[in-house]
Every structure is written in C-alpha cells, then in structure tokens.
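Hey, can you work out the whole structure from these sequences and the hints?
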Amino acid sequence: MKAFLLAVGLGLYPTLTVGLNYAMRLTACIPSAVPVPPFVTAPIPVGCEIVDCCPGCPGPGPIEWRIRLDTKVATRAELRFEGLSKAQLGKLKISGAAKRDGDRILLRSGNARVGGIPHGAGRPVAVGMLQPVAGDQATRRLPRLLRDAPDLTDRILVDQFMGPFLVNTFSWTWVPRPCIEPPRKPPTPAEDKLMVDGVAAGDEVSVMLYSRTSAGCKDGTSSAADTTFSTTGEKWLGNRLSAGSCRSEVGVFSKKHAMKWEPLAWTDLPGDTRTIKLDPLINAALNIWVATDADREVAEEHAQKAQDLFLANRVGVRLDWKVEKLPNANAVQIVNSAVGADLFSDCLDLATIRNAVPSIYVANTLNVYYVNKTWTGRNCAIKIVPTSCITSPSAPHFVAADANITFIGTTANPTTLAHELGHAYGLRPATCSGHTNGVAGFSSDNIMWPTNSSSTIPRTTLSLGQVFRMNTHGDGWGGTMLIRNNIPARVPQPCFPHLSGPACPQLKVPWPLP
Amino acid sequence: MAIALTVRQAALLVALAVAVPTALTQQSGKPSIEQTEQATRALATWLESDDFDPDHLALVTKHGEVVVPSLIAALERGPSPAKRELVRRSLDADYEALTRRVRSRTEYVQHYMANFEALHRIRAAQALSSIGGPAARNALEIYAAKAERDDLRSALRLALERIK
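So the sequences go chain by chain: A and B.
Numbering-wise, the first sequence is residues 1117 to 1630 according to this note's numbering.
Numbering-wise, the second sequence is residues 631 to 794 according to this note's numbering.
These aren't lab readings, by the way, just hints derived from the structure by calculation.
Just so you know, even glycine gets a beta-carbon here, dropped at the ideal spot from N, CA and C.
It is possible that some hints are incorrect.
What the hints assert, rightly or not - Which residues of chain A face chain B? A few of them, derived with a C-beta cut under 7 Å, are:
no. : residue
1   : Pro1161
2   : Cys1164
3   : Asp1168
4   : Cys1170
5   : Glu1417
6   : Asp1424
7   : Thr1492
8   : Pro1566
To be verified - Simulated restraints on C-beta separations:
no. : chain 1 : residue 1 : chain 2 : residue 2 : range
9   : B       : Pro764    : A       : Asp1436   : 51 to 57 Å
10  : A       : Gly1232   : B       : Ala744    : 30 to 36 Å
11  : A       : Gly1617   : B       : Ile772    : 51 to 57 Å
12  : A       : Pro1176   : B       : Ala723    : 26 to 32 Å
As the list claims (entries may be wrong) - Here chain B is said to cover these stretches of chain A; the calculated rule only asks that three of the stretch's residues, wherever they fall, bring their Cβ under 8 Å from a Cβ of chain B:
no. : segment
13  : 1280-1286
14  : 1452-1460
15  : 1480-1490
16  : 1516-1529
Here you go:
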C-alpha cells in the first residue's frame, strides 16, 4: 500500500502578520493512508483576545462562534465545551451545518453558528474542545484525492463575535502529502548513489543536495522536493552529472551529528557512489552570567530548552553551558549599563564587559548576561537594531558589536534564549527575515517568530533554510558565531535570511519528512 | 548615542504623524466595524509582541484616542481571561516537554505567566506614552503608583517621562 505523509497543522488565520493569532503546527508521518491517525484536539478558550474585547465593543455579553469547515478529509468535527453547565449548553443557539448530540455539537462541512455562549467578567473561562474527524470514505479516497489535488488542504475557521464585532479567531489547517518512498533495491541500469556514514540504526538524516542533472541545475533556486530528502544512510539518485556551471555540494543535517557541508563531484556516467562521513555534534560553550540565585534557576532552564530545541531541529550543536554568578556588584553594574533600557535596547558598551576584572567574558564562546531590563532579550551582533533591512554594517549606528554577547531581560519567556542564539548564529538582521513574522511559510511555532511566542504555543521549530544559515552564514557583523567559535576552518557564505539563490536555499525550505 | 536616538525617534514620530489624520477622523465619530477590527488586530499584535517593532506600534497609535480606553484596560487588567487560559495551557505543554526540570510545574507556569502579563502591561504603557493625552497620562500615573514589579515600575516611569 502506498505510504502517505500527513502534515497536520493547526494553523494561522489568513491575515497573520497583524492579527488575532492562535497557531499550532503538528507534523506526522504515517505508513498508510488508512487509517488516518486521530487529530489532536484543539482547545479554544471562549472570549476575547484583548481584555476589553475591542475598542467600542459593548459590555459583557454572550459570544457567537461562526465556524467554517472547508474540508475534504476531515469532513466532521466534534465540539465540546468545558466549563459550561448542562443548562448553559442547552441554551446554546445552534444553526447551519451543525447539530446538538447530547453534550457535544457535531459539525459538518459548511458554515455553522453556535450562539449564546456565556461570557463575561467574573465567569470562569469556558473552553471549546474542537476535535476534527476524518471521514471513512474520504480517508479511503485520500490517495486519489492527493493525486488529483497535490495541494489538498483542509481548513477549519472559528471566528468569535460579540454582536457585530470580531473579537477572536482560531484556524486549523491540515495538509496531507505523499510520503517519501521506502528504500528500493539497486536499480538497473546503475544509478549514482549517496551513502551517509554514521547514521545509527533506526535513525535518519536530512540531506540538501545541489548538483547538475539532465534537467539542469538543482540548487537553491529549485523546489525543495528536488533538492532535499531524508535517508537512513543510502539514497539512489539517478544520474548526477559533472558540475559544469552548477553548484555541486551536499549538506547533511542530523539530530546526533554536526551539520556536514562539502562540495560533491560527480562524473557524467551513472554508477558513482559518494560517501559522506558524519562528525560528532559540536560542543558549543555557552557561558551564562547571572546576578541572583533565582536567575540561575531560570538560566539553567533556558539553556536546557535551547539545547533541546537545537538538537531537535538538527542544528548540529550541543550547548555546553555553565551558569556563574557575577563576581560582585560592580560586575552587575557593568552588564546592566552595557545595554539600553528603553524600547531600542542598544548595545552601548560591550568593551567594559570584555575587559572587566575579574573576567566575565570568555572570548570565542557564547556569553549571556541576565540583566534587570524590561524586555525579553537582545543579541548584540549589531550595535543598534536596524529598523529597515540592511545587509552590511553602516556607521555610526549599525556597526558590528559582538554577536557572542546576548542579554536576557526580566520578561523573558522559555524560548527567549534559543531565539537570541538564533540571531547569534547568523539569523539577522531581524528586519531581513531574521524574524519570521510575516515571512511566507512560517507560523508562530517558529523559534525566530518575535510575537505571540508565549501566548499561543511554544516556539519549537527551525526550518532547514534557517539551520543551513546558522551553520554557514557570513556577514559584516561576524556571521554565524558557530563558525567563529567552533569551526573556524569553514569558509562562511553570505546567505541573508530574506535572500535566496543558487547557493542559498529559501529560508522557508522545510525539513524533508521521513 | 544621542544622535542615534534622535534619528530613530524622528522616524517613529514620522510614522505616528502620518497616522494622525486617521486618528482625528475617528475621533469625530464612532469607529466603523471595519476600523474596530483593524484596531483590535493591531492591539493584539502589539500587546503580545516580544520584540519592539516600531511598525507594530505605529499600527496601534494611528488609531489615536480610539484605542486609549483599550490600552488603559490592558494596563490595568492585563491580558484577557481567554488569553490567560491559552497561555496557561501553552506553558503547561511547554513544561511537559522539558527534558530537565529545575522548578515545579506551578512555579514554572507562574513565573512565565507573570512575565507575559508584565510585558503585556509594558506594551500598553509604551503605546499610551506614544499616543499621549490627559487620559493616557492619568492612567500611567495611577498604575505606576501601584505596580508591584520593579521592572514594570521602571517601564512606567520611562513611559511617563516620554509621554507626548
């Protein structure tokens, strides 16, 4: 039976750049289209996004949900409300493509309304638990559906209204895609082959392969499907040709090894075998300096989280962190004076940190300082944060400061450190898609998403395009600190986040799914 | 340094100045449903932003007095109950995913929930400071006197120093 990959997404409202964002994304690969595994239940709190609901909104009053199921596979959904009494459930006004069934509401494709949901000050928050369900017939038809419509996408939208005013939204998106084919027998006639040496049994790695083929150059300008794949160690490739004027190189990304990036030459004849030998994870020293014991605890938590996220996203780095208390009040004063307190959080005086005695800075390592400033975090690659996209230093404001210095403020969230280290590792400037809000192909689960990070779902993802840059990027602000600190022999390559080309994959290039 | 701040503050002022006509027309009457939705989306984005983005602030301040009551409500009451519930669930899931725990679940959730609420109020204060006016100043003064966190108090002081 043909295998299918199901990318399951609880996605963004279409106008996501500026809006009422509630986003989740899950991906899964299943070996078969039948049965589709159960969808994750989505909790949707009843009520407004902002505390007074909207400028000009009437006072407390009932909420109406307007639900649209635009689906071909998840043709039904069940909705249960936690926190509503039986009497309150009985009074809900249900219309359109929905019907009451005991204590739940059954939704089908089309538009439905659920009105009269109690809402107001002093009430506990009711939560609607939305459970999409795949129809049996639709599941059986999934292979044909995908063949006929490869961009098949199911969507469920829940808009919450108070009277005529939209006060909150939720969107669920489900994107099924065919799985990669399982390894096949040696082809006849012979094909070129890529071997990846070091992949543990049961493990897989992600590969980005640029080369010349009979169809032309396959590189950063090609589709991700043409240049990326997952493998357990052996991949048949058809016939790859000598480079000619094309880029011919390979990048291998693993959860258990360093990212490998090297040129790869092929002959024009089929039957070439090329072997990539993976290296161990890079141990990247991370020196964290705190003023209080409470900060020490938080810093440990942040570092662990950053490490987990970097490993899970195949950055190829194991953070080797050490949390130390700043030695005295003067050192605390120095680090707090080094960065601005206002909206802009400028990196004002890093030299004093670097030259402090006793030492509170370790050269060629990541240094993080927990400071008493009312923001989340700031990496100091650029002295002053540019407010528009620039790709080279410019005096006097946008000069290189020190990307190995990061500050964490008092309102940090669990993934602030991971986010700032993303900037240290070359994802910059923020205005050049170093931040991914508004960038096509990204949602708020991305580690470099700057808003909503703690309010919807934890930031957990980096794309292949981002991790490639974290391992390779060069710029006038020092490039990725991974090269400077840990792999100085690697020649950096400028690949700004907002730019792509033959040498640079698009930032949004996703991980090929296993 | 002073020049840098001046340049950027000037850029911000230009963005805000462009927005003034919209705000003035809205002051003359009740905003339309469409304007209300735009303002609500802008408020939600700004109040929940981790990083300072002048464009996001300008999208709020262009609505002028129309959004001041909402910003005052956000300053005084913090995030909405629905948002708090979502954040609590998100943090709970986040704690569940930790591979090493140095604090209890309750401590973890409370710590980050408090940070989220503080940042929400700081963003409200910053927007009120940019819009200015007696109502905004009054709200900032009242809340500055009763804010419990040091960082929140200092952000409010800064907002009051810079209020238009």
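A quick look at each hint next to the structure:
1. Pro1161: At about 4 Å, which falls below the 7 Å cut-off, the nearest Cβ of chain B leaves the hint on proline 1161/A intact, so it holds.
2. Cys1164: holds, 5 Å
3. Asp1168: The hint holds - aspartate 1168/A has a Cβ within 7 Å of chain B, the shortest such distance being about 4 Å.
4. Cys1170: Holds: closest Cβ of chain B sits about 4 Å from cysteine 1170/A, inside 7 Å.
5. Glu1417: Hint holds; glutamate 1417/A Cβ to chain B Cβ min 5 Å, cut 7 Å.
6. Asp1424: holds, 5 Å
7. Thr1492: holds, 5 Å
8. Pro1566: holds, 4 Å
9. Pro764/B - Asp1436/A: 51 to 57 Å: holds, 55 Å
10. Gly1232/A - Ala744/B: 30 to 36 Å: holds, 34 Å
11. Gly1617/A - Ile772/B: 51 to 57 Å: Once the Cβ atoms are compared, 55 Å apart, the range 51 to 57 Å for isoleucine 772/B and glycine 1617/A holds.
12. Pro1176/A - Ala723/B: 26 to 32 Å: Distance hint for proline 1176/A, alanine 723/B holds at roughly 29 Å.
13. 1280-1286: This one holds; 5 residues, not fewer than the three required, reach chain B with a Cβ under 8 Å.
14. 1452-1460: holds (count 4)
15. 1480-1490: With 3 residues closer than 8 Å to chain B, the segment 1480-1490 of chain A meets the three-residue bar; holds.
16. 1516-1529: holds (count 5)
The structure agrees with every numbered hint stated previously.
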